[in-house]
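Novice: Each chain, letter by letter, is given below.
Protein chains: 4
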Amino acid sequence: MAFRFALLGAGRIGKVHARAITSDPRAKLVAVADAIADAAQAIAAQVGCAVRSIEEIETSTDVDAVIICTPTNTHADLIERFAKAGKAIFCEKPIDLDVTRVKACLKVVESVSGKLMVGFNRRFDPHFGAVRAAIDDGRIGEVEMVTITSRDPGPPPQEYIKVSGGIFRDMTIHDFDMARFLLGEEIDSVMASAAVLVDPAIGTAGDYDSASVILTTASGRQCVISNSRRASYGYDQRIEVHGSKGAVSAENQRPVSIEIANADGYTRPPLHDFFMTRYTSAYAAEISAFIDAVEKGTEPHPGGKDGLAALVLAEAALKSVREGRAVKVSEIAG
Amino acid sequence: MAFRFALLGAGRIGKVHARAITSDPRAKLVAVADAIADAAQAIAAQVGCAVRSIEEIETSTDVDAVIICTPTNTHADLIERFAKAGKAIFCEKPIDLDVTRVKACLKVVESVSGKLMVGFNRRFDPHFGAVRAAIDDGRIGEVEMVTITSRDPGPPPQEYIKVSGGIFRDMTIHDFDMARFLLGEEIDSVMASAAVLVDPAIGTAGDYDSASVILTTASGRQCVISNSRRASYGYDQRIEVHGSKGAVSAENQRPVSIEIANADGYTRPPLHDFFMTRYTSAYAAEISAFIDAVEKGTEPHPGGKDGLAALVLAEAALKSVREGRAVKVSEIAG
Amino acid sequence: MAFRFALLGAGRIGKVHARAITSDPRAKLVAVADAIADAAQAIAAQVGCAVRSIEEIETSTDVDAVIICTPTNTHADLIERFAKAGKAIFCEKPIDLDVTRVKACLKVVESVSGKLMVGFNRRFDPHFGAVRAAIDDGRIGEVEMVTITSRDPGPPPQEYIKVSGGIFRDMTIHDFDMARFLLGEEIDSVMASAAVLVDPAIGTAGDYDSASVILTTASGRQCVISNSRRASYGYDQRIEVHGSKGAVSAENQRPVSIEIANADGYTRPPLHDFFMTRYTSAYAAEISAFIDAVEKGTEPHPGGKDGLAALVLAEAALKSVREGRAVKVSEIAG
Amino acid sequence: MAFRFALLGAGRIGKVHARAITSDPRAKLVAVADAIADAAQAIAAQVGCAVRSIEEIETSTDVDAVIICTPTNTHADLIERFAKAGKAIFCEKPIDLDVTRVKACLKVVESVSGKLMVGFNRRFDPHFGAVRAAIDDGRIGEVEMVTITSRDPGPPPQEYIKVSGGIFRDMTIHDFDMARFLLGEEIDSVMASAAVLVDPAIGTAGDYDSASVILTTASGRQCVISNSRRASYGYDQRIEVHGSKGAVSAENQRPVSIEIANADGYTRPPLHDFFMTRYTSAYAAEISAFIDAVEKGTEPHPGGKDGLAALVLAEAALKSVREGRAVKVSEIAG
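Residue numbers (the UniProt record's numbering), protein chains in the order written: chain A, 1 to 334; chain B, 1 to 334; chain C, 1 to 334; chain D, 1 to 334.
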């Protein structure tokens, strides 16, 4: 019998998840909700599912799980509502922009033994997954240094910048999760530097567009993150891990990998446009992992505490930029 | 309204096409037929379609097109039957192992204005397609030399070798089609050398497992093909085209592209296992192109004459090996 | 007429420079001095030059320039002596481990209008030079983010660690110079994290073996440096620069670039062993640039103030690790 | 004591060898001869050696060996003269354009127990040498298929074309030697196709500029060669060897290996200009191997019979093009 989803939010990332659902033969998208009727209708028409209100979905008996892709400021409320409604929940990151609100939300989920998975899609990328597998298999010995390069092809619209919570909570948060996924030890302190180099309007909105971060664990393992909101050559997503016996890295991916040689040199095409094409298989694997966990009754990973941990690192990074010092995770996490 | 397929033959390549059909939202697999009931049943259960006999499919009014994946010796008969039945036809290569039989078959198709596409999937690979596009865009000037490296991960079973028509008709035939796709000019003569280096049993069956071919066009353009039935490092599929202004190449693909560095050096994983995973997107694009052509009423490409042309080259190559000389295509094609 | 060198110090780096001198047809090594007579004799025999004492070289009329490769604690004194003696001076980094001593030394050089070049060989590597040229040619627009990965194949002997001044002054100092070479703007502040992950004995000696640094310029440009004293896969030396219009990178170099493919994957050999082979052509180009500057009467680059600037960054990094905060360059440089 | 060379011929390849000699500390260039006095003088001035006539060199007691870089039609005569004069001989390929003349020459050398090495520089390239070492170490099992891609950056001057003996004797001859170096078995038959695609003037001169060759050994091992007289992207020199357990390849080399990424893609610089820079280290290693052999009294490799064998293959290839058939090596070699 099919695993039945309802999709809350029919925007860009909602479409990505709708497509991901169609790739798992166990999954079925039953309903979609969106404040913008046309957006919901578009997905419904394409997939062949119903348009319902959030209230209707809350009480739908033919829905096993919801995928929350609505604006960030609604995430925590929806998680609480649907946890109480007994639905399994897959929520896009972040749970909320405020650490205290996230903690309160997770308590509610826990109190009703809710199932919550948070959308850190990169863990499910086959290449990054293979990096982690190489570490787990002892191929590089003990992890010592992680380097994450993560650059968007271009900055988001100004309206989005304003509600995004800033580059650390919106963009670097994926890298913070990756660092936790790869370091093999919890992070102890955060140092960060950030600036406005891409677009002054981002600075006007109180945010940064270029950032560098050093994460350090208690034993001294280090992770360096380099972020930019703009890369002319495409969606730059690289990871490397240096260990006591060797190193493992995942290079960039491109949709077409030909090479043209002429008097100007040897040229390969640009990278993927953005996450929708770069992480197609990651989104599919992510949904499958969610279904696996719910069907087996195990805790979905990454879960609420992973969402919280990444948000804490984002807050620590912001504090580090503002105060020009290393910020202990314990200062934020309490 | 959906474009409705019936699948004839539920073996390895039949499964590949069944999966390809599910990737085009316009396409629907209505029925599957196979002499082995269990094989047909397995696909029917997975896709949710009917099991029917070939006779039933021939008269089915809910079938727009058939995909012929049965043994090679049935291809020509089935093409004729279904062309007469008014179904659009997608047939796996080769149409037949005998040039005369292929010609007769194509005459029947023509007489009833049938639509026939032949399964040269590699033309639809995004990387090889981009190679062709680079040529068409004038990026490398006039095509002069094509190099095709094509090696299977391992030899097929002995029973298959016996009915395959030999390495040139079974394996190199894809490379012959690629050469025609890329050279931009018809081939005039063929030189080939072949040997048994991989498995003596292949020689016992009267076939070769390692072959080198030079194709030359009337104006002197050359294509070199290197084939082996065994490559320990995976399914080796590379193309490069050298032209008057530059060159373009498509490198090998691998499912996971991490790199592990240690005292032994830098290691990337092996290539794809075989065509089922290497050409997943090519098979999907191939079916979409078939639907496009049939829906628009245009001639599907590659069509019957492409199937014939590749077979003629295979026969010329075999003759070249046996007689130790350059064989003119006109000697075979008549 | 030949440009005549005397070499002070016949150890590992002295040999590298002796070889570099032989590669410029203008240069001639006239004399070598070393406290260990055998070491001096070995180079003298190989090159066919004289063994002299430092005092003798100071008064030699057949010596145009000296190359100082003696232990670090003698550098500043020797620079002063030979500047006063009217010899052009090429000195291995660092000038001294103490910022105040360096400043005093540079004043002496200036007072006698001495010519001083400091041995930051990497600026002369053809690949890194091409990175800088690409920036200068506007190929990547404005520089925004620099990433430097620099890992030694293995830690130096304990005795060396003790007198080296620590990882930042001994090893990262090259990366600090590279950052200045590539950022196009002076560095304003330094954040660093460091730990002992490779060898506890290094910690016992009061040093670190693994370090991450963020350098930030006044306008917000950022450079991230990742250092380790041990890399099982060879001498890891990579640079990438991300700018407003694109990025440029220089990959690792290996002595032999074959690739072996088998069932385990595709393997290329390890990197160069260490700087002696990795930077052979850089050392040669460095000496040529020194001769060029002296013969033309221009200021050699990188000069004393570059040596000072890199040392200041090293000191700032160390202070940042110890105090857990961003350290302004002005705090150190005065 | 130094190993003393005289250089016969001060043209392009003569300069290459003059430079190679300076890279071996055992070697000394004593004299240079050339019909064009200025050419000889230029090298003499640069290296600091004497200009002598060929006759003078023949009787010079301070010359241990000659390097023959004169026009091809003088090679055989000079080899005979200097073999009789008791000098060790390094001769640029080919020994002569005529197989009979080569055989006669080798007999003379043998009759006086002369030492003769033939200039197949590519055997000494570190990358190609590592390919051979990987084979010898059993890394790829039994050799089955060799692929050689060899393209010059541009065609030679018309005057050179006329005296070169044609593309097979002048250019492919290096690839024939490489094939013999790598196949591990003598070649039994040759098939070739050739055309004029680059420059009609080459055709007017009776030569070809684009060629494809299949070499087959008695046991069926195959080597495919692809040649062009023009490659817009530089000097294209690649080798790959496919064996029973794996494959090994040597990729192209470039003087600078940076990569620039922007909206047009990822671009690396063109390859080396030509052999003078591509094979710098190969020429140096070649001279060292020659000195090694002469000093140890062993037979230099590759020697006269290797020069003959490659020439025989060239003649067989030409015959194959003209007669449209596989030509047995025994037809030419007698």
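These are calculated hints, taken from the structure and not from any lab test.
Among the hints, a few may not be true.
All copies of an identical chain are treated as equivalent in the list; a pair is satisfied when it fits inside any one copy or across any two copies.
As a list, the in silico DSSO-like pairs of lysine-lysine whose alpha-carbon atoms are at most 27 Å apart [claimed, not checked]: (1) Lys328 to Lys28; (2) Lys103 to Lys28; (3) Lys319 to Lys28; (4) Lys107 to Lys84; (5) Lys84 to Lys245; (6) Lys15 to Lys28; (7) Lys328 to Lys15; (8) Lys296 to Lys162; (9) Lys103 to Lys296; (10) Lys245 to Lys328; (11) Lys107 to Lys328.
Predicted model, so just to flag it, every value in this text is computed and none were measured.
Novice: Is it within, between, both or neither when you check Lys103 against Lys296 at 27 Å Cα-Cα?
Specialist: within (26 Å within a copy, 58 Å between copies)
Novice: Can you tell me if Lys107 and Lys84 fall within 27 Å by alpha carbon in one copy, between copies, both or neither?
Specialist: within (12 Å within a copy, 69 Å between copies)
Novice: Please work out whether the CA atoms of Lys84 and Lys245 approach to 27 Å or closer within one copy, between two copies, in both situations, or in neither?
Specialist: For Lys84 and Lys245, the Cα distance exceeds 27 Å both inside one copy (48 Å) and across copies (50 Å).
Novice: What label fits Lys319 with Lys28 when the C-alpha limit is 27 Å: within, between, both, or neither?
Specialist: neither (43 Å within a copy, 55 Å between copies)
Novice: Given a CA cutoff of 27 Å, do Lys296 and Lys162 count as a within-copy pair, a between-copy pair, both, or neither?
Specialist: neither (40 Å within a copy, 48 Å between copies)
Novice: Regarding Lys107 and Lys328, is the shortest C-alpha distance of 27 Å or less found within a copy, between copies, in both, or in neither?
Specialist: Classified as within; 24 Å inside a copy, 43 Å across copies.
Novice: Indicate which option fits the pair Lys245, Lys328 if close means a Cα-Cα distance not exceeding 27 Å: within, between, both or neither.
Specialist: Classified as neither; 29 Å inside a copy, 36 Å across copies.
Novice: Can you give me the call for Lys103 and Lys28, within, between, both or neither, at a CA distance of at most 27 Å?
Specialist: neither (31 Å within a copy, 47 Å between copies)
Novice: My question is about Lys328 and Lys28: at a cut-off of 27 Å on alpha-carbon distance, are they close within one copy, between copies, both, or neither?
Specialist: neither (44 Å within a copy, 57 Å between copies)
Novice: Between the shortest in-copy and the shortest cross-copy C-alpha distance, which are at most 27 Å for Lys15 and Lys28: within, between, both, or neither?
Specialist: both (14 Å within a copy, 22 Å between copies)
Novice: Is it within, between, both or neither when you check Lys328 against Lys15 at 27 Å Cα-Cα?
Specialist: neither (38 Å within a copy, 47 Å between copies)
Checked against the numbered hints given earlier, the structure breaks hints 1, 2, 3, 5, 7, 8, 10 and satisfies all the rest.
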